Amino acid sequence: DAGITQSPRHKVTETGTPVTLRCHQTENHRYMYWYRQDPGHGLRLIHYSYGVKDTDKGEVSDGYSVSRSKTEDFLLTLESATSSQTSVYFCAISESPGNTQYFGPGTRLTVL
Amino acid sequence: EDQVTQSPEALRLQEGESSSLNCSYTVSGLRGLFWYRQDPGKGPEFLFTLYSAGEEKEKERLKATLTKKESFLHITAPKPEDSATYLCAVPYSGGGADGLTFGKGTHLIIQP
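Top to bottom, those sequences are chains A and E. When we follow my numbering, the leftmost residue of the first sequence carries the number 1, and every step to the right adds one. When we follow my numbering, the leftmost residue of the second sequence carries the number 1, and every step to the right adds one.
If you're looking for bench data, these hints aren't it; they were derived computationally from the structure.
Rough simulated footprint, nothing fancy, chain E against chain A, three-plus residues with beta-carbon under 8 Å: (1) 44-51; (2) 55-68; (3) 101-109.
All figures in this text were calculated on a predicted structure; none of them were measured in a lab. We put the beta carbon where it would ideally sit given N, CA and C, even for glycine.
Take these sequences, add in the hints, and give me the full structure.
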């Protein structure tokens with residue numbers, strides 16, 4: 001199994017509060033991704049990173065920001081959580097673009 | 001716009017009853033097709049990557065095939081432990097964001 005951990009694994013928060021999710025990898029892969037998974041939708045890309053301090057937007061980036069200060073860590077921040085951001089969030093890593101992505105165990109976020 | 005469509009949405013089989021799952025795709029230039037397995041409450045687990053029409057990959061009771069328009073995941077003599085949601089995905093084909101476009105998945109149930 002690829003060495004990917006996500007924290008927290010579960011979180012319940014209230015509308016308007018800031019939330020940060022963490023993805024940590026031990027594989028030294030350059031590329032890291034954040035996806036969300038919702039019923040009726042496939043996994044959808046939020047943001048991705050192609051190196052330390054290098055990030056870009058994905059398909060559903062509104063309301064989210066990311067940071068990557070170290071190769072091993074990729075943070076996803078919801079500045080002011082909304083109920084529409086209730087979802088399961090997955091981190092993924094890859095050695096290069098278009099290559100196989102390996103996924104973490106996910107974080108279930110509930111925004112009340 | 002890239003599109004990935006999986007069928008059927010759900011499939012219930014008896015143990016030992018072989019079948020196939022379909023993944024049809026529309027991309028401007030295929031750079032690979034990925035199959036994943038996802039168990040409830042877990043992240044997607046990588047199964048196969050296919051790169052060109054005619055390519056086949058096998059793993060235990062699973063065989064993935066690829067044509068120019070679709071991919072099939074053939075399940076031979078399945079066992080209850082093969083029950084899961086199977087996802088297929090393709091890399092973004094347009095310029096700009098890196099990432100995968102996922103289908104909504106096929107939920108497979110194998111009854112003893």
